[in-house]
Amino acid sequence: MADIVLDKVSKKFPDGTTAVRDVDLEIADGEFVILVGPSGCGKSTTLNMIAGLEDISSGELRIGGQRVNDKAPRDRDIAMVFQSYALYPNMTVRENMAFPLRLAKLDRDTITQKVDEAAKVLELTSLLDRRPANLSGGQRQRVAMGRAIVRQPKAFLMDEPLSNLDAKLRVQMRTVVSRLQKQLGTTTVYVTHDQTEAMTLGDRVVIMRGGAVQQVGPPQELYDHPGNLFVAGFIGSPSMNFLPATVDEGRLRTALGDLPIGDRIRRELEGVDAPRELILGIRPEHFEDAELIDEETRRRGIEFEAPVDIVESMGSDKYVYLTVEGERASAAELEELAADAGAGDFTGAGSHLVTRLSAESTVTEGENRRVWFNLEKIHLFDPSNGRNLTLHEGRSAGALAD
Amino acid sequence: MADTTTRAKLRWGLLDVVVVVFALIPVLWIMSLSFKTPATLTDGKFIPQEWTLDNYRTIFATDQFVRALVNSIGIALIATVIAVVLGAMAAYAISRLDFPGKRLLVGVSLLIAMFPQVSLVSPLFEIERQLGLFDTWPGLILPYITFALPLAIYTLSAFFKQIPWDLEKAAKMDGATQGQAFRRVIAPLAAPGLFTTAILVFIFCWNDFLFAISLTSTERSRTVPVALSFFTGESQFEDPTGAICAAAVVITIPIILFVLFFQRRIVSGLTSGAVKG
Numbered sequence: 001m002a003d004i005v006l007d008k009v010s011k012k013f014p015d016g017t018t019a020v021r022d023v024d025l026e027i028a029d030g031e032f033v034i035l036v037g038p039s040g041c042g043k044s045t046t047l048n049m050i051a052g053l054e055d056i057s058s059g060e061l062r063i064g065g066q067r068v069n070d071k072a073p074r075d076r077d078i079a080m081v082f083q084s085y086a087l088y089p090n091m092t093v094r095e096n097m098a099f100p101l102r103l104a105k106l107d108r109d110t111i112t113q114k115v116d117e118a119a120k121v122l123e124l125t126s127l128l129d130r131r132p133a134n135l136s137g138g139q140r141q142r143v144a145m146g147r148a149i150v151r152q153p154k155a156f157l158m159d160e161p162l163s164n165l166d167a168k169l170r171v172q173m174r175t176v177v178s179r180l181q182k183q184l185g186t187t188t189v190y191v192t193h194d195q196t197e198a199m200t201l202g203d204r205v206v207i208m209r210g211g212a213v214q215q216v217g218p219p220q221e222l223y224d225h226p227g228n229l230f231v232a233g234f235i236g237s238p239s240m241n242f243l244p245a246t247v248d249e250g251r252l253r254t255a256l257g258d259l260p261i262g263d264r265i266r267r268e269l270e271g272v273d274a275p276r277e278l279i280l281g282i283r284p285e286h287f288e289d290a291e292l293i294d295e296e297t298r299r300r301g302i303e304f305e306a307p308v309d310i311v312e313s314m315g316s317d318k319y320v321y322l323t324v325e326g327e328r329a330s331a332a333e334l335e336e337l338a339a340d341a342g343a344g345d346f347t348g349a350g351s352h353l354v355t356r357l358s359a360e361s362t363v364t365e366g367e368n369r370r371v372w373f374n375l376e377k378i379h380l381f382d383p384s385n386g387r388n389l390t391l392h393e394g395r396s397a398g399a400l401a402d
Numbered sequence: 001m002a003d004t005t006t007r008a009k010l011r012w013g014l015l016d017v018v019v020v021v022f023a024l025i026p027v028l029w030i031m032s033l034s035f036k037t038p039a040t041l042t043d044g045k046f047i048p049q050e051w052t053l054d055n056y057r058t059i060f061a062t063d064q065f066v067r068a069l070v071n072s073i074g075i076a077l078i079a080t081v082i083a084v085v086l087g088a089m090a091a092y093a094i095s096r097l098d099f100p101g102k103r104l105l106v107g108v109s110l111l112i113a114m115f116p117q118v119s120l121v122s123p124l125f126e127i128e129r130q131l132g133l134f135d136t137w138p139g140l141i142l143p144y145i146t147f148a149l150p151l152a153i154y155t156l157s158a159f160f161k162q163i164p165w166d167l168e169k170a171a172k173m174d175g176a177t178q179g180q181a182f183r184r185v186i187a188p189l190a191a192p193g194l195f196t197t198a199i200l201v202f203i204f205c206w207n208d209f210l211f212a213i214s215l216t217s218t219e220r221s222r223t224v225p226v227a228l229s230f231f232t233g234e235s236q237f238e239d240p241t242g243a244i245c246a247a248a249v250v251i252t253i254p255i256i257l258f259v260l261f262f263q264r265r266i267v268s269g270l271t272s273g274a275v276k277g
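Respectively, the protein sequence lines represent chains A and B. Count the first sequence with our numbering and you get residues 1 to 402, in order. Count the second sequence with our numbering and you get residues 1 to 277, in order.
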């Protein structure tokens with residue numbers, strides 16, 4: 001059991017690229033922290049530096065209060081689960097799990113007892129004499145976890161441990177990982193590119209981009225109060241809608257109509273170097289069919305009419321895709337997110353809004369529909385640096401706040 | 001469809017039989033000759049009319065052959081062990097590490113493999129005479145290692161590259177030192193490669209005639225292929241053909257044993273199940 005502290009940790013490769021830049025992070029004892037970001041954001045490099053598999057170029061890494069920069073992985077007493085599982089194919093499941101204990105020179109009886117215990121927790125008891133080649137993907141994954149937990153290390157490091165499993169098994173294993181971590185109470189650093197895993201598993205989530213930390217916080221906070229455009233676009237599925245907005249005579253001109261703005265935002269925009277062009281961000285669930293809301297709710301937002309492109313009924317609610325005239329919002333962060341989603345080269349005409357409406361909505365494809373959205377929940381971003389302008393002391397207050 | 005596959009199988013089967021017969025007939029012929037008496041040696045019959053073990057008795061009776069056999073086994077085994085151990089270390093470095101001069105090292109070892117050995121015989125002869133290595137075991141072991149190493153490095157680095165690097169990282173995380181990770185995780189997985197390389201190197205050393213005849217002069221270090229060429233009968237009028245054939249049969253036996261012994265260790269697909277995909 002130990003806390004892990006990263007103090008201005010950086011990684012420069014010999015070819016001059018900087019993979020990780022000045023990462024500051026304090027992981028408390030027993031905490032479950034997720035490192036998440038698109039591929040190439042430095043999350044795996046950060047994990048490997050904590051593990052000791054990569055050298056730290058500058059900065060300090062402390063585990064349990066002790067500087068471990070120059071310690072070999074074996075002297076850090078931490079266990080790691082690899083994306084590829086990395087089971088030893090020449091050993092049985094039992095031997096695989098016993099390997100770290102044998103290296104630690106424990107006596108035979110203790111090893112047997114500890115392996116049996118870990119096998120019981122992970123329901124591997126009947127598989128102990130098999131070899132990895134004769135196991136299914138999910139079983140191999142559990143063996144890899146077993147090898148990590150068996151010696152009760154100071155911390156677990158997990159490098160996308162579930163990404164090789166099929167979708168159904170991944171959901172199941174997610175709960176296994178979560179339960180195991182709570183049960184053992186061991187400090188865990190978990191790397192993933194899957195934002196669902198990030199949202200559901202961790203106590204805190206660290207969002208990384210280009211080697212730098214973007215925002216750290218509990219999942220719900222990142223979702224409700226994203227610090228910048230990148231975090232806003234990365235967290236959430238379907239992701240936040242982004243539209244260009246222009247500041248004009250104290251109002252915001254957007255494809256959804258002119259929006260009023262509150263005093264606080266207005267002050268923010270009065271500076272000489274304040275941006276005139278903004279990006280408006282609205283989450284899908286902050287839209288609603290205009291027919292279904294009461295008067296009081298209606299006052300908190302604004303309505304617009306748009307042609308309905310596609311309706312996806314999910315049973316509990318409906319995903320409605322609306323077509324909006326005008327240009328798409330453009331910013332470096334958004335392009336990067338689109339590229340990571342594999343949609344970088346897929347650009348339809350005009351822009352689309354993804355909205356999540358109540359299941360009771362009678363919306364049909366092809367019609368023009370009046371849709372309402374909540375002004376208190378919108379975000380405004382500065383396209384030049386991605387900063388969330390609606391964020392005030394870490395809280396997002398929408399555009400109307402005074 | 002089934003018809004064409006059976007016919008294809010037949011065709012290939014026939015071709016295989018032709019190749020095997022072509023390769024085996026000289027061997028069988030030598031075996032047949034080794035059991036013939038001097039009188040019937042030239043009768044041209046494939047199956048000996050009169051069977052005899054005299055030829056075998058003759059060769060084991062002469063100190064010449066037994067001594068050469070000991071030399072051969074000793075020199076080939078020592079050269080194989082050293083070449084495989086050195087080759088394994090070099091191949092591991094080549095497949096795992098990025099160090100300056102790596103491409104040069106690989107290039108030079110390829111160059112050695114391509115160099116015509118005949119052109120090196122005279123310089124080696126001079127060098128070994130100066131150094132006192134001429135007609136000694138090390139005098140043969142050293143050139144054998146030199147020429148076997150490129151072979152060993154190439155074969156082994158191909159095997160090492162197949163072993164997922166994650167396994168080594170996992171071993172390190174599990175508390176292994178670099179040496180333990182290599183011995184307990186990497187080496188067992190590379191075993192088929194090590195045995196394959198050992199077989200190839202051993203055969204190379206065992207069969208060599210060029211170096212053996214140029215760098216030896218007495219029974220002290222003469223190997224079997226050379227000893228064979230020096231065979232004479234009891235008197236100079238006696239025909240040594242039968243004895244030579246018997247010796248030729250005897251020296252193929254260690255090779256066959258060596259291959260059979262290690263072949264059982266070459267289990268393909270040993271790494272399956274280590275990593276996904």
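Misleading hints may appear alongside valid ones.
As the list claims (entries may be wrong) - Examples of chain A residues lying across from chain B (beta carbon under 8 angstroms, computed): (1) G59; (2) P73; (3) N90.
Unchecked claim - Computed list of lysine-lysine pairs in BS3-like fashion (alpha-carbon distance at most 30 angstroms, straight line): (4) A:K71 - A:K182; (5) A:K168 - A:K71; (6) A:K154 - A:K120; (7) B:K102 - A:K71; (8) A:K71 - B:K161; (9) B:K102 - A:K12; (10) A:K12 - A:K105; (11) A:K182 - A:K114; (12) A:K12 - B:K161; (13) A:K154 - A:K105; (14) A:K168 - A:K182; (15) A:K182 - A:K8.
Claimed, not checked - Restraint-style ranges between C-beta atoms, simulated for each label pair: (16) A:K12 - B:L15: 26 to 32 angstroms; (17) A:K12 - B:R103: 45 to 51 angstroms; (18) B:W165 - A:D166: 22 to 28 angstroms; (19) B:Q117 - A:A212: 55 to 61 angstroms; (20) A:A274 - B:Q162: 56 to 62 angstroms; (21) B:A23 - A:R130: 38 to 44 angstroms; (22) A:G40 - B:I112: 38 to 44 angstroms; (23) A:T17 - B:F99: 17 to 23 angstroms.
By construction, these hints were calculated from the structure, which means they are not laboratory data. The C-beta atom is built at its ideal place from N, Cα and C for all residues, glycine as well.
Hint-by-hint comparison with the structure:
1. G59: Status violated, d = 21 angstroms.
2. P73: With Cβ-Cβ at 5 angstroms, under 8 angstroms, it holds.
3. N90: holds (5 angstroms)
4. A:K71 - A:K182: The given pair, whose Cα atoms are some 28 angstroms apart, holds under the 30 angstroms limit.
5. A:K168 - A:K71: Distance of about 39 angstroms is beyond 30 angstroms: violated.
6. A:K154 - A:K120: holds (21 angstroms)
7. B:K102 - A:K71: holds (28 angstroms)
8. A:K71 - B:K161: Satisfied, since the Cα-Cα distance of roughly 27 angstroms is no more than 30 angstroms.
9. B:K102 - A:K12: holds (23 angstroms)
10. A:K12 - A:K105: Cα-Cα ~36 angstroms, so violated.
11. A:K182 - A:K114: holds (19 angstroms)
12. A:K12 - B:K161: holds (26 angstroms)
13. A:K154 - A:K105: holds (18 angstroms)
14. A:K168 - A:K182: Since the Cα atoms of K168 of chain A and K182 of chain A sit roughly 22 angstroms apart, the hinted pair holds (cutoff 30 angstroms).
15. A:K182 - A:K8: Holds. K182 of chain A to K8 of chain A sits at ~29 angstroms (cutoff 30 angstroms).
16. A:K12 - B:L15: 26 to 32 angstroms: Once the Cβ atoms are compared, 60 angstroms apart, the range 26 to 32 angstroms for L15 of chain B and K12 of chain A is violated.
17. A:K12 - B:R103: 45 to 51 angstroms: violated (24 angstroms)
18. B:W165 - A:D166: 22 to 28 angstroms: holds (25 angstroms)
19. B:Q117 - A:A212: 55 to 61 angstroms: holds (59 angstroms)
20. A:A274 - B:Q162: 56 to 62 angstroms: About 59 angstroms separates the Cβ atoms of A274 of chain A and Q162 of chain B, which means 56 to 62 angstroms holds.
21. B:A23 - A:R130: 38 to 44 angstroms: For R130 of chain A against A23 of chain B, whose Cβ atoms are near 43 angstroms apart, the range 38 to 44 angstroms holds.
22. A:G40 - B:I112: 38 to 44 angstroms: holds (41 angstroms)
23. A:T17 - B:F99: 17 to 23 angstroms: For F99 of chain B against T17 of chain A, whose Cβ atoms are near 20 angstroms apart, the range 17 to 23 angstroms holds.
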